[in-house]
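Visitor: Taking the hints into account, I'd like the entire structure generated from these sequences.
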Amino acid sequence: MRRVTPMKGTKRQEQPLTLAYAAILFIVILVLTGGCATPKIKPIDKMDFSDRLQFLINGTTTREDVLLKLGEPSGRFEGERILTYMLSVDDKRDLRVLPRPLAVSRTDPRVYELDPMVCSLVLVFQSNNLLEKSELVCSGDEPK
Amino acid sequence: MTFFLSGCLETVNSHIYFSERLTESYMRSRWLPPLETGIDTRDQIVKKLGQPSGTFENGRIYSYRLIINEWKEGLSDNMYSGYANAYHLQSEILEVVAARRLEQIEKDGFLLVVTDENMEKHEKEVILSMGEFHLVLVFNIDGVLTRDSLIRIRP
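These protein sequences, in sequence, are chains H and V.
For what it's worth, this note's numbering labels the leading residue of the first sequence as 1, then goes sequentially.
For what it's worth, this note's numbering labels the leading residue of the second sequence as 145, then goes sequentially.
None of the hints are false.
Derived lysine to aspartate or glutamate pairs resembling DMTMM-like cross-links, with alpha carbons at most 25 Å apart:
no., chain 1, residue 1, chain 2, residue 2
1, V, LYS191, V, GLU250
2, H, LYS92, V, GLU236
3, V, LYS216, V, GLU247
4, H, LYS69, V, ASP260
5, H, LYS69, V, ASP292
6, H, LYS92, H, GLU135
7, H, LYS133, V, GLU201
8, H, LYS69, V, GLU180
Since the hints were made in silico from the structure, they are not lab data.
Nothing here was measured: the structure is a model prediction, and the numbers come from that model.
Guide: This is the structure:
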């Protein structure tokens, strides 16, 4: 049986190929992980921002107070037990409530108005309509 | 042409320009029907404003999502693209252009209550509207208006 022997220099030819594959693999991984990079998402102390949210006091603030101060929520869950608001934080650390479609459509041209930091305010109410707890979760760059 | 003119004409910050003009008090005096706390009933409110965008606590609280719609005939796809393309470029706009848009609001504008039912139909106008407000109305057990609040969402 004829034995196949590697040609002279084959190993040397394989080496650049291996390097090319490694480079391609590296780029693919870089691109993929870049797409999956976790954005900076973190809970934020409400008091760090403007006085717009300082009216939120657990056990005291009612759903009515919240609606009168912040307007229509961007989402409601479990009936009205949980209300959510999309908020934007500007450079002066002022919060503003975002219009509702922004919460669902990234093709909305108003996304260009967004401040560097966008937050979700989640409010949970007790059965007596009093605020049970609230959480502000933000993503993006925190204003200096 | 616009490039050369822009060198001569004054520009304004779009957000500041419209924020100073489309205020809550402007909205109340120019666009909202008078709301009488302690007098208006839920039915009277519906006659004045139409069905609310949302209700809370078994109808004790009404919310109205209000848009000043500048386009009586609606927006065609072409018009929408034009406005949408210009939208994010206009942090600084020519003052005459901003003033013209305010004139258009005054001349052709009307108040639109956005609901889940009409949102799709008016989506383009809602997205590009310069003025969006939320009106929240609280009624007592007899269905009489007791508290109200107008919140500016945009600009």
